[in-house]
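Novice: Residue numbers (my numbering), protein chains in the order written: chain A, 1 to 514; chain B, 1001 to 1144.
No wet-lab data here; the hints were simulated from the structure. Ideal Cβ positions, reconstructed from N, Cα and C, are used throughout, including at glycine. Honestly, I wouldn't trust all of these hints.
Okay, the calculated bits of chain B under chain A, using three or more residues with CB under 8 Å as the criterion [stated by the list, open to error]:
{"no.": "1", "stretch": "1010-1023"}
{"no.": "2", "stretch": "1044-1052"}
{"no.": "3", "stretch": "1112-1118"}
Letter by letter, the chains look like this.
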Amino acid sequence: MGRKILFVTVDQQRYDALGCNGGTIARTPVIDALASSGTSYDRAQPANVVCMPSRATMITGQHVHTHGVWMNGVPLPADAPSVAAVLHDAGYATALFGKAHFEPALDPFLRFAEARMGLSGETGPHRGFDRMELATHTARGASHYASWLRANHPDHVDDLYPVVDLTSLEVNPAPGGDTGAPQLGPNPIPRHLYHTDWVADRAIAWLDTLATDADWFCWVSFPDPHHPWDPPAAERHRIDWRQLDLPSGYPESADDRRAVLDGKPRHWRLWHDGDLVSNYEAPAAWVPATMTADQVREVNAMVHVKNELIDEALGRVLAAVARRKWEGDTDVLYTTDHGELQGDFGLLFKGPYHVDSLLRLPLVWRPAPNASAPSANRVAAPVGLVDLAPTFCAIAGLDVPEWMEGAPLPLDGAEAERQHRRRAMTVWDSHHPDGHRMHLRSITEDGWLATTYLPGSHHDGTEGELYDLAADPLQQANRWSDPSCRSLRDDLISDLTDHLPSWPEPHRRPVAPV
Amino acid sequence: MAAVRTDRIIAAPAADVWARIADVGAISTWFPSFVSSRLDGDGHRRIALTTGVELDEEIVFVDPIARRLRYHIVGGMPIVASHQATVDVIAVDAERCAVVYSTDVEPAPLAFILGGVIEEALGELDDQVTAAAVAAPAAASGGG
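Isolated chain A, as found in the complex:
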């Protein structure tokens, strides 16, 4: 009997959301306990700051330009390499519950398996998973959760905030909540019918079917705290938005916000002012400059309500593992696919904005207690979500396949040093039907975050961003053009160029906006 792997992901969560990372709003005792008996990573970075490319990196262990999912809407081929397939072939029972998003979420022609499965009720096998039961934020889509809710609780189908405006296929800008912020909703759905608890319930049900001596890989993928920010109304009382301090990354003065944005490449200010729709992650009709401080507070409060619900749902899954007497042999890894601006710079959502709001992720690894691994460690060296798949292989005692581009995560700083952990890299590419194109290449190394912009519709290839992460943790002072930083900047970009995989043509076509 080998080590079992419980891989937990959430969607669109910030590093500072968790108590173990200094968060003070959401209570996250379950995740904090995992961190205290394992390893927390203080500089974990995604390969891309939107869902599909980042999740493709998680399942393949490859950088974006290798697996080819370069933008939301580019599907990961059904025969793409998969760490779940590697584990399955080694005798592991494998399953994913919740959000997959390896294939487009908007699939009206049912071209892709994830949508067909959700409507037909089939559960796999797919992508190396023996079983997949999928969930997103909506009860009107093609997921197993949506089909289940429609069939069993039709009175609650309309409770959930409609993420997408079905007349424009754009992210819904409809105001809600107490403050009228976008993507806020009252959501009367009972907690036990909400997708967070459904995902935990389905994972527990599957674990309960397994033989005692089974080796298993279970990916529990919560759709939250991604917008819409509509936790069950009965849970909103947990955090009173009126009592919240504003985030440190939100300059209260509009003049200060504009000054910070003016120091960054031009698309930042253009989006803030409503003069550019840079991506499909935010409502096209919403103008960030109109956001009020109270809206920032309420959005943050609802995000943290979701974070608490996730923590409690994870607690139930861990209790189920313990009930089966598996706890000693189970590795637990927890992370997210990318962050959320959540008020920083006067912005919400995500997009081609490479700052810690989106780039610095929570990542915790609690090794199986019976493995006698070091505990209560923090690793400061940069690591990437590209390292997750190799880590799963190492846990299972398998050689890391040659097609994986990461390396097993270090368990402490000394191991990070032995591994020569120096850098983490993130890319952004987008090309929209309206002609907008953006290309960012970022590296975190030696305490600096550098981003170079390739030529596109709004950049000529000379722009960039450079931040001293220690002196400027909020990334408000862009030093790209600072003469005193030129040598450092050039070295960082040179190192990025040397280590980022090439992007061979042809590039696969995006077949949906998300």
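Fit chain B to the known structure of chain A by using the hints.
Specialist: Leaving out everything else, chain B in the frame of chain A:
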């Protein structure tokens, strides 16, 4: 409004490929996700999708000289606010042609979706036409 263009070079004479496209009522034989299709007497093509939806497309013209087809989606998908598709078959040489499928659609995000479906369809069309071209000489020679 957004525009998307999908094109493919097919190793078959333009006339052969045009014959498939111009048979507008038979589009479901090469377009994935289309269960059945028919051309009705009112100049509309009706297409049944795997989702159970029936698309209603108005055939604007079928030009055999220019080898150009134009049609609009006019019903069956309420999300479509406006749509126009133009399909051109252009001879590259005696044995090859270019199929250029241009679509203008509103709302704009649909351009992604339609572009992807069309790309898959042109791949299927390519497979069918080139397979038929291989089979035809073999049949003529009495071999297999």
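Novice: State for each hint whether it applies.
Specialist: Against the structure, the hints:
1. 1010-1023: Contact hint for the stretch 1010-1023 of chain B vs chain A: violated, 0 residues under 8 Å.
2. 1044-1052: holds (count 3)
3. 1112-1118: holds (count 5)
In this structure, only the earlier hint numbered 1 is contradicted, and the remaining ones agree with it.
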